[in-house]
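Student: Chain residues, written in single-letter form:
4 protein chains.
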Amino acid sequence: MIIIMKMGATDKEVKAVSDRIEGLGFKSHIVIGDELTIVAAIGDQRLPEPQTLELMDGVAKVTHVMKPFKLASRDFKAEDTVIPLNGVRIGGQKITVMAGPCSVEDLDQMLDVAWALKEAGVHILRAGAFKPRTSPYSFQGLGIEGLEILAQIREQTGLAIITEVMGAEQVPVVAQYADILQIGTRNMQNFNLLHAIGESGKPVLLKRGMMSTIEELLMSAEYILSHKNYQVILCERGIRTFETVTRNTLDLSAVPVLKNLSHLPVVVDPSHATGHWELVPSMSMAAVAAGADGLLIEVHPDPERAVSDGAQSLNPERFSQLMKQLKAIAEVVGRST
Amino acid sequence: MIIIMKMGATDKEVKAVSDRIEGLGFKSHIVIGDELTIVAAIGDQRLPEPQTLELMDGVAKVTHVMKPFKLASRDFKAEDTVIPLNGVRIGGQKITVMAGPCSVEDLDQMLDVAWALKEAGVHILRAGAFKPRTSPYSFQGLGIEGLEILAQIREQTGLAIITEVMGAEQVPVVAQYADILQIGTRNMQNFNLLHAIGESGKPVLLKRGMMSTIEELLMSAEYILSHKNYQVILCERGIRTFETVTRNTLDLSAVPVLKNLSHLPVVVDPSHATGHWELVPSMSMAAVAAGADGLLIEVHPDPERAVSDGAQSLNPERFSQLMKQLKAIAEVVGRST
Amino acid sequence: MIIIMKMGATDKEVKAVSDRIEGLGFKSHIVIGDELTIVAAIGDQRLPEPQTLELMDGVAKVTHVMKPFKLASRDFKAEDTVIPLNGVRIGGQKITVMAGPCSVEDLDQMLDVAWALKEAGVHILRAGAFKPRTSPYSFQGLGIEGLEILAQIREQTGLAIITEVMGAEQVPVVAQYADILQIGTRNMQNFNLLHAIGESGKPVLLKRGMMSTIEELLMSAEYILSHKNYQVILCERGIRTFETVTRNTLDLSAVPVLKNLSHLPVVVDPSHATGHWELVPSMSMAAVAAGADGLLIEVHPDPERAVSDGAQSLNPERFSQLMKQLKAIAEVVGRST
Amino acid sequence: MIIIMKMGATDKEVKAVSDRIEGLGFKSHIVIGDELTIVAAIGDQRLPEPQTLELMDGVAKVTHVMKPFKLASRDFKAEDTVIPLNGVRIGGQKITVMAGPCSVEDLDQMLDVAWALKEAGVHILRAGAFKPRTSPYSFQGLGIEGLEILAQIREQTGLAIITEVMGAEQVPVVAQYADILQIGTRNMQNFNLLHAIGESGKPVLLKRGMMSTIEELLMSAEYILSHKNYQVILCERGIRTFETVTRNTLDLSAVPVLKNLSHLPVVVDPSHATGHWELVPSMSMAAVAAGADGLLIEVHPDPERAVSDGAQSLNPERFSQLMKQLKAIAEVVGRST
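Protein chains in written order, with our numbering: chain A, 1 to 337; chain B, 1001 to 1337; chain C, 2001 to 2337; chain D, 3001 to 3337.
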């Protein structure tokens, strides 16, 4: 931590800062410049509330030197985290594609799409039983009934299941049915949920908040990791910007940034990021070219009739074609599908 | 709802849209323009998933005509909602100031600040027992022990208590202690929490998500109102933008916009919005000048020693001085404190 | 400037950085922490392109300690800059209101509104002869003819004139007619224009770019000041965010922040910020309560018939009423109108 | 254009709107719904200032139906625009890579890099003689001397030259030297410059404003096209968001969106978008996978010694390696390099 003093700060003010820092268990080091003085605080720099030092007389600014996350960082663990599941290794050499409809609607719909996905080479099925919806008047998901349908699909098709959990109180029931628990974009900083999922020990896919920084995403991962649950998959799904042509703005540079800062697997959700199925194939290929470990794609057997998110869903034919293109891109970047 | 057809859409495509709309229970009305054709859908326009119509051949765009919220709107209820509590009437003629420290630290700290606030004219004390923190390594609040301290403060000082609840599973316990339940910015779209608070029947202060539009804020209020809990206070607390000098960007124009769209009381939190105590007095005055019904202000007996958010807390002297300025501004806009 | 080394940076890498810094004319100072080493560079820290140091082996990040602007800063000049013009003192004790229509339309329109504004207490008339328009098909302003009309208005009414200049090549002609040159939001970083206006020696109102930070606004002011033109007025006019209910988001906290960082006068344009005339009175009052030195307000004799920006224009009656409210608010904050 | 009336608008108000619309040369069509009435205006809908209709009694909102750009749209011209230049066809089947240093520094530097780029397969050299810099204290470019150097490079190497022009008054001189005129991100809405470049008839690369929408980019292109200069290349170069790890956020979904809305070629600048050379290769590959027609990449012979933007420049070796990867990606999407 570095404390930058105001121009003209007095010796007494500098000393007070230095004393305060040492009182907090740091060593302090004063660097006197031509125009400014800085005080470096040496030691464990993850002090809670360092900003209160800015209230001291003569202090201009407090700057952090160390990253606020630890367990999630490459400095802590250099090699990639790989999560083995249902015969695939998420974060390994192969690209993992998770696909399926936005919502579980009924068993027939799910069976239709599940078999089509399996045939296209998918190992993990996504579908929502509990749905976070902006409007209380929109379809809120089938709930437990939806989880039961997913369990049947898994039994019949052998696909693993990823599905969303919306609150700490739902973790036990969802964990009973799902292979991977999904945390939605609006819940990335639902800290009670992060603690509960950390405790559950289940693999988790953590979506970036649509208005959260990459550092905040890693801090939310840190919550889960701090419970010794190391099976965390990060997901870039678009951020909110001033541009309204697309539902959100897919931040693909987050992929190499995250792979550089962290050892955790990184997947991309082009369906929610763009909101338009026509953009999903190009953004999926771009994500793999950018180094993503996998994709989360909405596929619906009849998008026009979907109860939610139809506009951003591929139909099975288009999805199957996309899988072929992904295979070719993956090879260029030294991966496979 | 209006469906705008693509240039060159065929009669057959227009008819298919018209038929689909009628199948959904609307009347349809075709308007043929020089370059474009539109289809108006007449009826209850709060259709779930109208966007799926964009998947039909020849459709360019679907535009909404009606507001997606109803119970929260002025169209539904023209007169201001007023919430009576502990001798004050939130949303009434008087400006309601809620103040207190970020976190409950201990009984002595709380008593100190509570008596000072009471003397300055405050009726409602804010303080957090459960704290949402970006980092798992930061102070997470005293929990139930903090709630117990707040109960003692209420008993001794007569102040009403507003405190945050972080998940649906905590509603019963927090509702036992608090006079107003606070929903934090990161939980504005925690829909399980919204349902649970709607059910609780307690007054609630709903903070705008730092990434949420005004319309989304009203949709989250709608969740609570749809449970027949009408005691909802809206709170503007700054939104996330590209500007980093302030913690967030206080969107004061949201105040008159919300007062115009909705009958619910609107308060402003200048402490979290700005992140710097020096900016709190000017932004508090500006908020009242802009038509806010109240303020939520962080006050700490010794900001430099606060365990959280010290940098944005006023000390009691500065707060007391601010209360005098607010009184003068309130009079100019026909209100009182 | 502080160079933060990567964890595990070698002594050799640290020495290379230190040598490089000294080669650039700084003194260097190495601070070895428990986990990280930092190198402080002492001297004139306004080095162009310090970021290239991040390319050196072992360097994690380069952090700036000093503000990048100098002439615009309070550190350089503590007392407020006051710009005397036509009997008013912009930046002085009195609030300066500049008002008028978006565009000069014809002499009658301008005379109508000018006399009404004068009667309401305005000293400076705003109106555009050259208009920056998103669409090439929109009205682009009357050009020189508009400037001629403004000159006639000044002669007849005694009002001073502020009008926009859109490019360096237009500065000579506009400077011939205008009392204050206005730089629009899209031109805040039109550096050729900034240089030309700096050279002109005329008072200038510099609008914040809708996409620009407060620091960038001050850097653009620095361009003008570096030509020894010290008559610069800063203008907050709303920034672009994800919120679309208002045309832009008025960042009122920029007012106290700018007044704190800089000695230059700060005015607010609530018309462009909000885009809706109904929001202009409340935001004008809030701006004065927040400490603004003045306002820039669109007033049109018949907003429904305006050729541009009618939706955000007050009519003269509403404007006249607002002037009375502003007087009362100004008094509360120790100012007058 | 569709005018949505307020709930409870009177027949008289609806009629007044209808009359006004007809007075403006439209046919009007009234659609009476259960809760709301709308008035459709049929005719040429590119009315300047339709928003003033919102000032009429009883009007809630005015919604546009038609795209505001015409010459730039696919509806106007279905087939791709291809710009032939120096043996390459920008917008054609082959990916066009333009590369070079941020600034022209001296002839030796430029010759070094130019020959290396030529060897790597580049046909168009980018380098700045006039430099837009946030700070007046930063290197502002060599100006005319830089243009002279570029002319020598062209003569010796046969490379075509793209270089930036910063104001309308510079167009004649830059047009004399450059093969493609570049409009920088801060000048996307410098309308005087757009007019001047339109008049020049030279090929132009138009960078998206870092805070401009895709629609605004196309409107700026429309300015140039309206002067019958059809050789416009659009460039996505990152937009400003709340994320600060990267210099800007590269909006790759803009590529397929632009290719869908417009017939103009679309290139991507991953160097300015990310600000870090490590991110340039992955984002370049992603851009080609997303369907870009070309790339604009910063390459410097010795990035650590660059006078500007060194941190985001590739050295020639890394660039040469990237060219090989791009070739492989291009083939997957049916293109070549």
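Please keep in mind that the hints were generated in silico from the structure rather than gathered at the bench. Here the structure is a predicted model, which is why all the values come from computation and not from measurement. Don't take each hint at face value.
[Unchecked claim] Computed from the model, here is a short list of chain D residues facing chain B with C-beta under 7 angstroms: (1) Met3007; (2) Thr3010; (3) Ile3030; (4) Asp3034; (5) Gly3043; (6) Arg3074; (7) Asp3075; (8) Phe3242.
[Said to hold, decoys possible] As a list, the in silico PhoX-like pairs of lysine-lysine whose alpha-carbon atoms are at most 25 angstroms apart: (9) A:Lys61 / C:Lys2077; (10) A:Lys67 / C:Lys2012; (11) B:Lys1077 / D:Lys3061.
We treat Cβ as the ideally placed atom computed from N, Cα and C, and that holds for glycine.
Student: Against each hint, give a clear statement of whether it holds in the structure.
Tutor: Against the structure, the hints:
no.	hint	result
1	Met3007	holds (5 angstroms)
2	Thr3010	violated (16 angstroms)
3	Ile3030	violated (10 angstroms)
4	Asp3034	holds (6 angstroms)
5	Gly3043	holds (6 angstroms)
6	Arg3074	violated (10 angstroms)
7	Asp3075	holds (5 angstroms)
8	Phe3242	holds (5 angstroms)
9	A:Lys61 / C:Lys2077	holds (21 angstroms)
10	A:Lys67 / C:Lys2012	holds (23 angstroms)
11	B:Lys1077 / D:Lys3061	holds (21 angstroms)
When each numbered hint is compared with the structure, violations occur for hints 2, 3 and 6.
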